[in-house]
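J.: If you read the protein sequences in the order shown, they are chains Z and X.
One point on numbering: in the working numbering, the residue at position 97 of the first sequence is 97, and numbering is uninterrupted.
When you read off a place in the second sequence, starting at 1, and then add 147, the result is the number in the working numbering.
Keep in mind that the hints were calculated from the coordinates and are not lab data.
None of the values given here were measured: they were computed from a predicted structure.
Backbone N, C-alpha and C fix where the C-beta goes; we use that ideal spot for every residue, glycine too.
A hint or two may mislead.
[To be verified] One side of the interface only, derived from the structure: several residues of chain X facing chain Z at Cβ under 8 Å:
#	residue
1	ASP153
2	LEU154
3	ASP164
4	ALA167
5	ASP279
6	VAL312
7	GLY319
8	TYR347
9	ALA353
10	GLY370
11	LEU371
12	ALA372
13	GLY373
14	ALA374
15	GLU416
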Amino acid sequence: MMSLPMLHNALLVGAMLFSLGLVGILTRRNLIVMFLCAELMLQGVSVSLVAWSRYHGDWGGQVLVIFVLTVAACEAAVALVFVLQAFARTGRLDAAAWQTLREATLPRVMDSKLPADDTLAPSWPTLSPAGVLPPGDPQESLQREHV
Amino acid sequence: MNSVSDLGSIVSRSLHDTLALSLPLFRPELCLAVTVVLLLLCRMLPVLKMLDSAWVALGGAAFALFYAWSDLRGLPGWLGGDALASRQEIFTGLLVFDSLTAYIRLLLMAFLVLYIPFTKVSGIPDREDGADFYTLVLGATLGMCLMASANHLLMVFMAVEMASVPSYALAGLLKGRRASSEAAIKYAVYGAGASGIMLYGMSLLAGLLGSCHLPTMARQLAGLAGAIPAGNLGGVEMVLVLGGLMLAVGLAFKLSAVPFHFWCPDVFEGAAAEVGGFLSVASKTAAVALLLRIAFGLGMPVAVLPGADSSSALAGQAAALQGALLGDARHFMVATIGLMAALTCTLGNLAAYGQNNMKRLLAYSTIAHAGYLLMGVAAAVALSGSHPASARTAVSAVAFYLATYLFMNLGAFAIVAFLRNALRSEEIASYAGLIRTSPGIVVATGVVLVSLIGLPPLAGFWSKFLIFSALVEAISLSAERPLMLVLLVVGGLNTVFSLYYYLRVLKVMTFDPLPADRPGEALSLVSFPGAIVTALAVPVVMLGIFWSGLYACAQLAGAFAS
Chain Z
1 MMSLPMLHNA LLVGAMLFSL GLVGILTRRN LIVMFLCAEL MLQGVSVSLV AWSRYHGDWG
61 GQVLVIFVLT VAACEAAVAL VFVLQAFART GRLDAAAWQT LREATLPRVM DSKLPADDTL
121 APSWPTLSPA GVLPPGDPQE SLQREHV
Chain X
148 MNSVSDLGSI VSRSLHDTLA LSLPLFRPEL CLAVTVVLLL LCRMLPVLKM LDSAWVALGG
208 AAFALFYAWS DLRGLPGWLG GDALASRQEI FTGLLVFDSL TAYIRLLLMA FLVLYIPFTK
268 VSGIPDREDG ADFYTLVLGA TLGMCLMASA NHLLMVFMAV EMASVPSYAL AGLLKGRRAS
328 SEAAIKYAVY GAGASGIMLY GMSLLAGLLG SCHLPTMARQ LAGLAGAIPA GNLGGVEMVL
388 VLGGLMLAVG LAFKLSAVPF HFWCPDVFEG AAAEVGGFLS VASKTAAVAL LLRIAFGLGM
448 PVAVLPGADS SSALAGQAAA LQGALLGDAR HFMVATIGLM AALTCTLGNL AAYGQNNMKR
508 LLAYSTIAHA GYLLMGVAAA VALSGSHPAS ARTAVSAVAF YLATYLFMNL GAFAIVAFLR
568 NALRSEEIAS YAGLIRTSPG IVVATGVVLV SLIGLPPLAG FWSKFLIFSA LVEAISLSAE
628 RPLMLVLLVV GGLNTVFSLY YYLRVLKVMT FDPLPADRPG EALSLVSFPG AIVTALAVPV
688 VMLGIFWSGL YACAQLAGAF AS
């Protein structure tokens, strides 16, 4: 069991972590940092769940936290695959590089602080690809222009 | 010594609960789980590589459909019997089996049995990717079944994630295409944020109410409302409202309801049309079921079933008393759902006007239909306090809508996928003059789109009619008269708005001149793709004429709301 002031303190920490994560995911543009912020939100939830569980004196909240951690790991694994794929494709982790899909009538968001062009070709370790090489994209010409 | 014997009794009790009570009601999900394991083995063992994974998946889905069908037939209200709620909590209260579970599960399995041949014919998961694709599809459907039967916030969270995480991977299925990667990134970032917010809402609600079990939470909520005079809850009330709204964010994300719909058009445009069909039909069905579960779970305390023990009358009275105390909670839920419904419907229909890409247009159409479904849910919750019989009718209207929506929308996405294979384009303009080369497919498109509008001879008309009649009933009977009146007007106006953009597609197909470079017939109805399209379009016509059988099933599903 936990006293009420201790519950308040723990809930405050949880709420702070959650809000930091929420603000981060809304404002950051680096894809990896965005996912870190999503994880931060889940950790904030975990802290407050454990606090409530201690306060009420039952295990329900802590069991939920174990599941949350597991699911967060799965989600991060899947999401990081996409981030890696994105980096391999554009050489950038900036979310602003991904604006092909949007309303046809809306202009794309331009950023004056973005470097005009990548001066250095990105280099990363390569693995020999598995499976059959996908054919070139016949629809590439039908897409709207890229960033 | 004592503790050891305690442990023994706990183990034997949970064994009995799992093996004797829960697993027999869990057969469709078990079929899916076994099929997923088989599909993964297909990928690993060289002997099984000869097998085409689509047939393995179809076999598993067919078994699951059979068990789901026998579960629905086994319900006490089947064939004109007394449609009493047959509520049974399984797996120590984590899940609940009742008529809604059985009905939604049947819909999802029927969807799979139609969907797997469609993807096999349209060829988007090629043989190399087939096992992965069907593993993800079946895994996500398993999560959706759990969404429909969740009775505990832990299961709500797990089920939503089980449905979402495979969907992210499905959105990125076309590995060679940049648009597909972009769709997957956007979906995953949005989904991670939405699930975090939903989870914080859950922690607030569960912490204040001291439980994650939905019926227990409803009882605690009634206790809170009864202990403190109305309007004097202060901080507690505010935190409860905040928790409820945060939970609604997660649900609205799954439903693609405004203002959390932004992912939907981008993901549908970037992902393959097959994946769009899956997200639009199966995911929506499960999300509506989950919304019904949470709204009724928190808004209406469950009475102990008659016949369970002698104190059932007392328990029923206690539940009715608690139900009266939960009026404020229901009012809050009706206001939230109703407002979201009006916004979702209007924005979906208006934004569909300017679209040139067929998949994007269907994405906005999906958003608009989520709005109509939310209207039905709002009417059901509004009626549940005072008029349970009318609330049951409203839930049946939503259930009926989901069933017709399956055929209409899967048909629309199937047509987009097959025309993409034939014309190499998904732009509406490329469908010009299709009636001169392939009239059959234009007729099928006409059937599906007119049904999506909701015009009389087709299935879509009855589903809209039932939703609107539920709203009319809510206007005359419930206390939420002004909101329901607004919803009815918004729904009617939106049906008129939607005429234009659906008919524009048909106009391009029929009146616009055929481009000179078009090679012969694009798509004949006498072919495998044609057969799939026919199999999806014919039920739309048939359900428009013989709708009473399906409506009887939907009424059975509605019985859960008593």
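J.: Against each hint, give a clear statement of whether it holds in the structure.
T.: Structure-based check of each hint:
no.	hint	result
1	ASP153	violated (16 Å)
2	LEU154	violated (15 Å)
3	ASP164	violated (17 Å)
4	ALA167	violated (24 Å)
5	ASP279	violated (10 Å)
6	VAL312	holds (6 Å)
7	GLY319	holds (6 Å)
8	TYR347	holds (5 Å)
9	ALA353	holds (7 Å)
10	GLY370	violated (15 Å)
11	LEU371	violated (15 Å)
12	ALA372	violated (20 Å)
13	GLY373	violated (20 Å)
14	ALA374	violated (17 Å)
15	GLU416	holds (5 Å)
The structure is inconsistent with the numbered hints 1, 2, 3, 4, 5, 10, 11, 12, 13 and 14, although it conforms to all the rest.
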